[in-house]
Amino acid sequence: MMVTILNIVISGLLLGGIYAVTAVGLSLQYGVARVLNIAHGEFIMLGAFITWSAFTLLGINPLISLVICGPVLFAVGYILYRTLFTRLRISSPTPGAFEGNSMLACFGLLFIIQNVAILIWGANIQGYTYLTFSVDFWGAKFAGNRLLTLGFALVICLVFYLFLAGSRLGKAIRAAAQDPDTAGLMGVKINQVLALCFGLGAMMAGLGGGMISMCYEIQPTMGLEYTMIALIVIVLGGLGSIPGSLIGGLVLGLIGSIVTYIEPGLALVAYYVIFMLLLLAKPTGILGK
Amino acid sequence: MGFGRITSKNAFVAGLVLLILILLASAPLYASAYTVIVLTSVLMYVTIAVSWTLFSGPTGYISLASAAFFGAGIYTSAIIGRALPLPLVIVLGGLVSFCLALLVGALTLRLKGIYFVMFTFGLVELLLHFILWYEVNITGTTGRVVPSVANTTVFYILLMIFVILMVTVSFIRCSRYGLALQSIGENEEAASHSGVHVTALKIIIYAVSALFMGAAGSAMAARWTYIDPTIAFNPLISFMPVLMAIFGGIRPLYGPVIGAAIFTYLEQFLITRFPYYYMLIFGIIMVVAILYMPNGIIGLAQRIREKSLRKKYGDT
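Listed in order, the protein sequences are those of chains A and B.
Everything in the first sequence is counted per this note's numbering, starting at 11 for the first residue and increasing by one.
Everything in the second sequence is counted per this note's numbering, starting at 3 for the first residue and increasing by one.
Among the hints, a few may not be true.
Unchecked claim - Estimated spans, in silico, between C-beta atoms of each pair:
no.: 1; chain 1: B; residue 1: Arg112; chain 2: A; residue 2: Val82; range: 40 to 46 Å
no.: 2; chain 1: A; residue 1: Ile130; chain 2: B; residue 2: Gly142; range: 36 to 42 Å
no.: 3; chain 1: A; residue 1: Asp191; chain 2: B; residue 2: Val38; range: 53 to 59 Å
no.: 4; chain 1: B; residue 1: Ile166; chain 2: A; residue 2: Thr231; range: 54 to 60 Å
no.: 5; chain 1: B; residue 1: Arg112; chain 2: A; residue 2: Pro105; range: 17 to 23 Å
no.: 6; chain 1: B; residue 1: Val138; chain 2: A; residue 2: Ile130; range: 42 to 48 Å
no.: 7; chain 1: A; residue 1: Asp191; chain 2: B; residue 2: Ile286; range: 30 to 36 Å
no.: 8; chain 1: B; residue 1: Ile286; chain 2: A; residue 2: Val77; range: 29 to 35 Å
no.: 9; chain 1: A; residue 1: Met196; chain 2: B; residue 2: Ser194; range: 34 to 40 Å
no.: 10; chain 1: B; residue 1: Tyr36; chain 2: A; residue 2: Asp191; range: 52 to 58 Å
Claimed, not checked - Which bits of chain B does chain A cover? Going by a derived footprint, with three or more residues having C-beta under 8 Å, they are:
no.: 11; segment: 36 to 50
no.: 12; segment: 108 to 121
no.: 13; segment: 182 to 196
no.: 14; segment: 280 to 292
Simulated from the structure, these hints should not be mistaken for laboratory data.
None of these values were measured; they are calculated from a predicted model.
All residues carry an ideal CB built from backbone N, CA and C; glycine is no exception.
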């Protein structure tokens with residue numbers, strides 16, 4: 011009994027760690043840059059496939075690939091915001107119109123990225139094995155790659171939180187999140203900061219994707235599911251809150267592993283039910299004001 | 003809203019609408035079977051896009067639940083299609099979606115902005131995954147076979163749904179309820195203070211728009227003959243009407259019609275010409291359309307017309 015509970019809790023935390031990293035990215039993109047990035051999961055998918063290609067074709071260690079795909083996706087996100095979304099922001103009459111338009115543009119991006127990925131990598135399910143030795147926790151067994159992923163997820167979230175809380179740039183980002191116009195008047199280069207946030211969000215998605223590829227099978231159409239999970243996590247944790255995303259991710263991971271233990275097919279259904287109940291009861295999330 | 007302008011050309015517009023209707027209704031007589039099938043898809047998307055615009059256009063609440071209402075119609079048709087005559091099935095399909103929308107509307111229409119968008123999209127995924135789970139674990143079979151109906155019959159049913167929808171929509175838009183909806187979109191609080199029953203009106207109009215989506219769904223189920231949850235609750239059906247309406251132009255009544263017709267035709271064209279690249283091209287067109295045509299094709303046409311008029315008569 012003890013072992014079963016331990017099993018459920020730890021695998022929930024492992025799952026939750028990945029959810030948290032991807033959600034932090036989306037939270038930054040929506041909370042600061044005001045883009046509800048429906049294509050977030052496509053950036054995750056790109057990260058996963060870059061890591062997979064580097065490992066299977068070039069034999070590059072997935073952990074080193076994270077250092078590659080992070081900056082690559084950051085660049086993609088940054089350029090996208092500087093070109094596409096900045097233009098949309100200027101041409102949209104109200105912030106509300108910008109949210110709607112940018113979400114639809116992201117839906118177009120979803121198609122573009124997904125189909126480019128299919129052209130490059132094919133539509134099949136892929137996977138590789140890395141660090142699959144098992145680690146024993148008082149009788150509950152876990153694969154090494156999962157534990158490594160959890161550790162990485164926690165470190166990434168922590169570093170990111172410190173960056174936002176402590177650095178000068180982090181301060182600019184938080185100012186832009188509260189009120190972009192006033193922040194601009196105070197000398198924050200607003201377009202640059204918003205693009206930076208979108209880029210950082212894409213980077214987090216890429217890192218999350220790299221970690222997902224270590225543990226799970228991947229395919230070019232996997233994105234939407236991860237987008238939805240990231241959305242649920244940020245609503246759970248409160249839009250725009252980094253600690254909220256971390257807690258929300260871990261909570262959702264735990265719920266997922268409990269439901270999977272009881273009835274394997276219902277994990278996603280449970281996520282949506284929680285999501286919708288939460289939207290009805292407390293849309294501002296656990297840590298929201 | 004330009005109604006004044008339209009009245010002056012009333013006879014012309016009425017004649018044009020009548021001509022288009024006659025051409026459409028007689029299409030199975032002179033057009034190829036393939037054309038009729040394409041026209042059926044066009045009518046399906048036009049119906050969904052116009053229904054979506056009926057609620058989301060004036061109020062500004064972006065609903066992504068179209069796939070849920072459309073899918074509910076499809077599933078109604080799949081479950082009772084064998085037992086009842088087709089017209090009854092279509093009506094029931096619409097009513098099921100109507101009730102679903104009443105429920106969803108009562109629950110969610112107090113959510114603002116992005117939360118409403120998320121909730122409605124979550125609804126589609128919830129229904130999809132729940133029915134998938136139900137079919138895999140409880141009934142043990144995924145997918146259902148729907149009694150098939152001749153292509154032309156489906157075409158005429160959709161044409162009828164479309165005509166009824168257009169009459170309903172233009173009636174609502176001309177009535178005081180249309181103005182009330184518009185006022186909700188501009189300032190909900192002010193509308194409420196001016197005596198508009200904001201919540202009730204939103205829920206009813208939302209349910210009416212779902213009614214037509216459900217009816218279109220149960221009609222299309224008869225054409226597809228085989229359906230499963232991933233076909234019935236395809237998230238694409240949620241996003242396409244939004245894009246089509248914006249592509250055509252949300253303000254005028256005929257905007258979504260034109261947008262949906264062009265988009266569906268484009269889709270068919272791209273699928274046959276570039277089967278491997280069509281989704282990619284489609285995505286690029288979407289992004290370009292949102293970037294460069296914020297007021298849709300209608301807005302673009304007006305802008306070009308104004309420009310040419312200005313050139314003709316000089317700047318004033």
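message = Checking each numbered hint in turn, tell me which of them this model violates, lowest number first.
response = 4, 6, 11 and 13
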